[in-house]
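**Q** Protein chains in written order, with numbering that gives the first Met the number 0: chain A, 0 to 147; chain B, 0 to 180; chain C, 0 to 155; chain D, 0 to 371; chain E, 0 to 331; chain F, 0 to 114.
Because the hints were derived from the structure by calculation, they are not lab data.
For every residue, glycine included, the Cβ atom is placed at its ideal position computed from N, Cα and C.
It is possible that part of the hints are untrue.
Covered, in the sense of this in silico footprint (three residues per stretch, anywhere, with C-beta under 8 Å from a C-beta of chain D), are these stretches of chain E [unchecked claim]:
#, stretch
1, 36-47
2, 217-231
If you want a taste of the chain D side facing chain E, the calculated C-beta under 8 Å gives, among others [said to hold, decoys possible]:
#, residue
3, A22
4, G128
5, I199
6, D281
One letter stands for each residue in the lines below.
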Amino acid sequence: MIEYFKEIVEGAYTLAVGMGITFVRMFRRRVTLDYPYKSLTMTARYRGHIELKRDETTGQPKCVVCMACQKACPSGCIKQLDGQKPEGAPRKVLTAYMLDFTTCSLCGLCVESCKFDALAFSHDYNLTSMRKEDYQTMDLLKRVGGAK
Amino acid sequence: MTIDLSPEKVYPLVSALLFAGVAGVTLLGALVAAASRRLVYSVSGLALSFVGLAGLYLYLQSPFLALMQILIYIGAVCIVIMFAIMLADVVEEKSARSRALPAAIAAFLVAAMLAFALIALIGRTAWMPKAVRVNAGAVQDIGRALLTRFGFAFELISVVLLLAILGALVVARTGRGNNRE
Amino acid sequence: MESAMPVKDLKASFEAIAQRNAAGQPLLAETDHGAKGTNLDLTVPAERVGDAARILDRAEYMIEAITGVDWLADKQMEIVYDFVDPVSGERVTFRARAPRDKPELPSISAVFPGANWHERETHDFFGIVFAGHPGLIPLLLPEDATFHPLRKDFAP
Amino acid sequence: MSSDAQALHHESFVLNVGPQHPATHGVLRIKLTMDGEYIVDAEPVIGYGHRMHEKMGENRSYAKFLPNTGRLDYVAALFNGHGYVGAVERLAGLVVPERAEYIRVITCELNRIASHLLWVGAFLVDLGGFTPLLYCFDDREHILDLLESVTGSRLTFCYFRFGGVCNDVDDNFIAGARAFVTSMRSRMPLYDAFVSKNIIFRKRCEGIGILSAAECRKYGASGPVIRGSGVAYDVRKLEPYSVYPQLDFDVPVYTEGDCMARYRVRIAEIVESLRIVEQALDKLPAGPVMADKVPRALKPPKGDCYFNVESARGSFGVRAISDGSENAYRLKLRSPCFSNLSLFQECARGMLLTDALALLGSLDLVIPDIDR
Amino acid sequence: MTEGMLMNLVRLLLYLVGMIGFAAFNAAYLTLLERKQASWMQLRRGPTEVGPWGLLQPVADGVKLMSKQLLLPRDVDVPLFLLGPIMVVVPPILCLVTIPFSETVVARNYNLGLLMIFAFGAVSTFALMLAGLASANKFSSIAAARIVAQNIAYEIPLLVIVLSLVMTTHTFNLHTIVAQQAGGFWHWNLLKLGANPLMPVAFLIYFICLLAESNRAPFDMVEAESELVAGVFTEYSGMGFGLFFIAEYVNIVVGCCLATILFLGGWHCPFGLLPGLHWFLIKMYALCVMVVWVRWSFPRTQFYGLLNLSWKYLIPLALANLLLTAVMLKLF
Amino acid sequence: MNNPGVLNFFTQASNHLGVYLVLGALLFAIGFFGFCRHRTLVGMLVSGELILSGASLNFVAFGRFLAADPVTGQAFALFIMGIAAAEAAIVLSIMLAVYRNYRTIQTRDLKEMEG
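So here's chain A without its partners, still in its complex pose:
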């Protein structure tokens, strides 16, 4: 009989404690961020889609078209990587760099494979489009040093 009432009282007490915890939190600061109105700054290592780095002096992409990133990519999403060597230039100049972002898994192997520091992750995370094609063929040449 004592057990019976003890269980009732103890059970009721634990429930009261639980309700107390939720009650206190009703007046705490909210932890949600009002996303479209405010947004977080991405950490330095945030992995967005990859982008080509610009050479500070020439303003041209640093890429020398060595194809290492294309070889490193597990999903084969770096397409149409092409360059040509103009007369008198010291190295190849990039003419096409297409990324299929729909299959990219953001693993970073391409960035690591780049010996010329020509690739980096962008911090662009508000990508939207109604068309799949926009991400199937992202022309990175057009975005050089684009978003931030």
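Based on the hints, put chains B, C, D, E and F in the right spot on chain A.
**A** Okay, now just chains B, C, D, E and F, sitting in the frame of chain A:
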């Protein structure tokens, strides 16, 4: 011809229409309950009939009874029947129906004759109302009567209910137990 | 769960059932856990798989995984069984080989019920038949799958 | 008695829980044969999310398989990576710098806490309580922020490399991790009062879904499941890898074998992981985070080895077989959830639907890990 | 006299319209309250986008629900399937008719008001069960079976508690019950310890039964979303589902109104000051907040745990309460 | 409206004992018909409830119009309710037991019980 819309004409008419509706619902529900081939409909019809019956009780100046009718019949009896239908996963009655068509006709004829005879009997009897009314039949009066005049019957009913519950438990339990072995 | 039998003791009982090489030596070796991930690695004839499992069951080992390897060049299928002693953490791996054109060996799902799914999976992927298995229907592949994707000659 | 069998057949009905059902956390289907609310048989049907990762491992180079590991058990993705790079390193005989091993341990243990927190929340959702999930997410977010600052992603991490890790940790991360350890410790009493002691929660967990140690052993259930059944099987202790031998931690074991024991094991593991993280941060040596001379195209010598790690759900093992080429000859991924779920059919028999779903929740399943 | 009768009728009709409006308003804004309160308890923000502070969210939800197609899945029992939601939603709205919101704001001061509410509550249960059965879905059928066991189990302690209250107040008339509690909170039935020292316990039992009878978490076996998908509502879409939703909230409102009337002194001010409608609404909504608060604090009970709670704890305590009331009545 | 007698009867119908008695008789007859027609225990139980309601309607009507004490009729109706509830519980438990043992609730299949 103008239609008299004065309250003293309209109110009884509304009341009568409601009465007709209630009586109609009672009979309709009963017919559905008796004639439907699906038990779910049967019970739904029964519930409908009980709602109508509660309305009739209201017209008979027994509001307490009307509410008890809903509370007990719909809230308990109908639900329990429905529950049993669900648990027992009742097979449709179609086969039984087609084979028993002559029987159904016979039943209908007998029932019709019964109804006819009873109605005739009602018509032929001279009902003699008592002039004096002891009380109004209010809740307090029912309560008092149940605990004094009908005290014994009342106790008996409670014993019956208790036994019924115990019996139901025992019967249902053993059935289950046998099955689960 | 106290009777943790050290691998050294188990070795003796395994020697009896292990497959012999051409020189008559049992194909059984104590290995360095740090280098190979297992303490005892042995090969048993396909029909002795059940015995090996029973030895491990008696020693209260836990089933870890069953998998196949398709040795296309050898025309053989290898089935690898991984067991671990949950008390000492010692591992026993035993392997069996079956001809590639008719890979069949006894099921150990009666000894280790957990082998049921592993065997079904191995059957899915390699087409290895485990005799005595209660239901070798595809587990991870579609129910009507008749192909075995991990075979080296599989072409989608 | 055949008539009894017939009776059973007549009275029971089949209830499909899943592939889309709130309790299955993904595309898992459980074919329940029910007698009223009692379960007569429960047959898990898996494979809806099967992606043949093992074949992918065979037809691409070792490095290219790295991102795949994050897609197995995506809730605790680092462990899969750890298992995979561990196996390949063992195969290739690579020596990992100590700093990298410490970083691996720190990030993995943070990941374990995140995974357990997610489980606590999801388990409570299975039991019908939604609020704890969001408290857990509150804490988990801090971990994900930390991990994002070092790995660059929040869920499907691809951080470990053969011979080390791809990014070194900075002081911000270390300070953040220390701050998190302190704040998480102060949060534990909340979970204790709000969840563990709650009478409804206790009634739903205590004595429900009891798994015996023998059952766990026969089915190969590992991780918190077997430790909730009284067996102290923890890969970190019994088959030491990485720098775990240098760290002082306990393996929480409960003997009841019920849902509550599994819950308590996981809660205790959060505390232990905090200890590990703290110690590892203290001991974190300076030095490189990548081994020298890791060839770009890794070609491990011919051989066969097994490497397993204690993932948040149990023993995650990788058997890698090399034929000396750039691609693995065979890559077997042993997922803990696969074995843990195989136990369900046996244990769920005779249980009530409600309790069986509590049991299912307490196994902590991640469906892509099962389906691979 | 007949003039009065007609006026009465018109008054009744007006009140009925008012009640439907009140019910709809409550159903709409209690959902918002629930979402907001739940989000606050969970350190979230809740709806913020539609209207200021999300105040128009219920309107958006309503429009969305109404514009959705009412699907009739194959194999459902069409008449019963369609009848279900309607039968569920009508009784609680009718119950509102007899509730005295203040001294004067009452549609029909009915002598047996208390009994009527319980009678109609029984119809709701029946209708829910019918809807579950008609859905031809196994989850719905299981939920329907659970509803019956649950509602019957909790109706007993509920009725016993109310019975003990009727014994102390000597009436079924809600208006009279409130009138008896005039003058300060120490006159409320909740604290009428002279009539029955277990009154606060009775209130707690009533509150638990209220949660269970209106199928609210932690007793929401009707829905049990992690077990039975959506229980009885699984097959319903659009406004069919919406009506169940409305019914759930109106049930809560009726239950909280009743609790206010029976225990908390209805329209009377707690300090014996000016009585009025606002006091009633304050108490009623405070109870609604309480219901929501409980829901978002706890996990769901097991089905048998819920029955155990009723049969092992609530019913014995309620019966003890009844007995004590009788003894006190006889002694004093 | 042309026939004031009919209208009069219509508006006064709720005050006539005979109307209720006829309704009761009809309920009884419908119940009887259902009782004969239904082949399942539940169906028969439903019909039985109809018969009982016919009876209680009569009781209440007599109590209202004829008896000196209207409580008598109501009390009897209440008793019938109690009995009906008890009966429902018993019949259904029997039905469940029968069903579990014989797998049917159709009366004609219960022949073996007769012997």
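**Q** Now tell me if each hint is right for this structure.
**A** Hint by hint, here is what the structure shows:
no.	hint	in the structure
1	36-47	holds (count 5)
2	217-231	holds (count 7)
3	A22	holds, 5 Å
4	G128	holds, 3 Å
5	I199	holds, 5 Å
6	D281	violated, 32 Å
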